[in-house]
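Starting from the structure of chain A, add chain B where the hints point.
Here the protein sequences line up with chains A and B, keeping their order.
Position 1 of the first sequence, counting from 1, maps to 1 under the UniProt record's numbering, and the rest follow consecutively.
Position 189 of the second sequence, counting from 1, maps to 189 under the UniProt record's numbering, and the rest follow consecutively.
Derived from the structure by calculation, the hints contain no laboratory data.
This one's a predicted model, so the numbers in the text were calculated from it and none came from an experiment.
Be careful, since some hints might not be right.
Heads up, the list lumps identical chains together, so a pair's fine if it works in one copy or across two of them.
[As the list claims (entries may be wrong)] Okay, derived cross-link-like pairs now, SDA-like style, lysine to any residue, Cα gap no bigger than 20 Å in a straight line: (1) 204 to 20; (2) 204 to 19; (3) 204 to 15; (4) 204 to 72; (5) 237 to 55; (6) 237 to 92; (7) 101 to 236; (8) 237 to 42; (9) 204 to 18; (10) 140 to 232; (11) 237 to 54; (12) 140 to 92.
There are 2 protein chains.
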Amino acid sequence: MRPKIVLFGDSITEESFREGGWGAALANHFTRTADVVLRGYSGYNTRWALRAIERVLGAEGVGGGGGGEGVVAVTVFFGANDAAVHDRVSAFQHVPVDEYKLNLRSIVSFVKKRWPEVVIILITPPPIDVEGRLREPYNKTSGLPDRTNEAAGAYAKACISVAGECGLPVIDLWSRIQQLDDWEKSCLRDGLHFTCIGNDVLFKEVVDTLGKESVSLETLPVDLPLSSEMYPNDPLKAFESQI
Amino acid sequence: MRPKIVLFGDSITEESFREGGWGAALANHFTRTADVVLRGYSGYNTRWALRAIERVLGAEGVGGGGGGEGVVAVTVFFGANDAAVHDRVSAFQHVPVDEYKLNLRSIVSFVKKRWPEVVIILITPPPIDVEGRLREPYNKTSGLPDRTNEAAGAYAKACISVAGECGLPVIDLWSRIQQLDDWEKSCLRDGLHFTCIGNDVLFKEVVDTLGKESVSLETLPVDLPLSSEMYPNDPLKAFESQI
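Same shape as in the complex, but just chain A:
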């Protein structure tokens, strides 16, 4: 049975199988070695994620039917919605930063209890380009952005702190993206969601982080013989050692 890598997060996870998306790139990278299971929920914050987690990752969720076998890694990628400004148009998504930390810890605890050996990677929210946010129709009435880069940074810091407490690897996407030239436009298409370049940054960070935790093409077995391993005169022979 193939190992599974579960992507649990908000819209940036839900849309990760669009053209150039980081989720599809992961599925392609692990094409013969692991299944990438998409569990992205657009608009969700950690409060809603916690409300849904039993159904998403519990006994009837991923793996299903009491199973869930083979899950080797889970990415937990929330915060972009928690960090929505508390008194603006996306206020209903806002979660205070202290609750965000508590919720993240609870999500980690749930995953650890379900799969004690699993690799959990926390991913911070990305930075925000306010100009991009202001182009969104629902921000135009007030003229005030629903998200700010300072708030995203505070939640990124909180996420890194939870990862430290829990001893987990973390991808500091907020800082990583801001290292790139013209990141506001090159990496973000609407001030929040990724362009192909932004997607590629996250894809590479996830592959690197998984690799450091021994989840890589080098460590995972390939499912069934490769055609390059077939004996030209007796191709079926290659199956003998594997099946």
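What follows is chain B alone, placed relative to chain A:
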């Protein structure tokens, strides 16, 4: 638990999560409604597929641990390798057309026995652009293409015939692609594998065919409340009816 759509095939399936790929596009299309499970094996013909099918789709395969619950559809997409010319460089992949038909029938029987209610879609091999094949390094020594469009057409016809006998929907990709202008270059990048345009043709055909078999965004339930369904003053209320 989310329904699963399994893609079983050769390299055109294995690489279907590359940028612009038909598999990734399906996963994105069904992002909150179904899991798309990738089971592509580069270079495989129906003979090898049949040798591997118990491991791929059997009790320890997709779904795993005796499960396999929730599989609603399987695409079966072989023939491009079976149709390799029998006395040229890819001869080790060749399977005679009569055996191809028998093997396809056996694959269909296996899937029907495992999941009696599942939608099975047969996909014919794509057409071949010989010029594109001749640019491949391993065809340069002999100067003869390893695949021809006539052979692909014969296997496509055989695939359609098996679908008819078994009462299954079939995507006649060999004919469909050849309806497009400049299909040799617009749809195929090496005379066999798809460009983004070729991928998009197949993606749309699969969505259409699944839809006719009642596997669509209209019939599948959405996993968890959409953020547009949240009550602004009491977002968690939306979960009450679902969890």
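Checked hints:
Taking CA atoms no more than 20 Å apart as the test, residue 204 paired with residue 20 passes in both settings, with 13 Å inside one copy and 18 Å between copies. Taking the shortest Cα distances, residue 204 and residue 19 sit within 20 Å of each other both inside one copy (16 Å) and across copies (15 Å). Taking CA atoms no more than 20 Å apart as the test, residue 204 paired with residue 15 passes in both settings, with 17 Å inside one copy and 19 Å between copies. Proximity of residue 204 to residue 72 under the C-alpha cut-off of 20 Å is restricted to the intra-copy arrangement: shortest distance 18 Å within a copy versus 33 Å between copies.
Within a single copy, residue 237 and residue 55 get their C-alpha atoms only as close as 44 Å, which misses the 20 Å cut-off; across copies the closest is 16 Å, which meets it. Within a single copy, residue 237 and residue 92 get their C-alpha atoms only as close as 60 Å, which misses the 20 Å cut-off; across copies the closest is 12 Å, which meets it. For the homomeric pair residue 101 and residue 236, the shortest alpha-carbon distance between copies (19 Å) is at most 20 Å, but the shortest distance inside one copy (54 Å) is not. Taking the shortest alpha-carbon separations for residue 237 and residue 42, only the inter-copy value of 17 Å comes in at or below 20 Å, while the best intra-copy value is 48 Å.
In the homo-oligomer, the alpha carbons of residue 204 and residue 18 lie at most 20 Å apart both inside one protomer (17 Å) and across protomers (15 Å), since each shortest distance falls under that limit. In this assembly of identical chains, residue 140 and residue 232 lie within 20 Å of each other by CA distance solely across copies; the values are 19 Å between and 65 Å within a copy. In this assembly of identical chains, residue 237 and residue 54 lie within 20 Å of each other by CA distance solely across copies; the values are 17 Å between and 45 Å within a copy. Proximity of residue 140 and residue 92 under a CA criterion of 20 Å is satisfied intra-copy only: 18 Å inside one chain copy versus 63 Å between copies.
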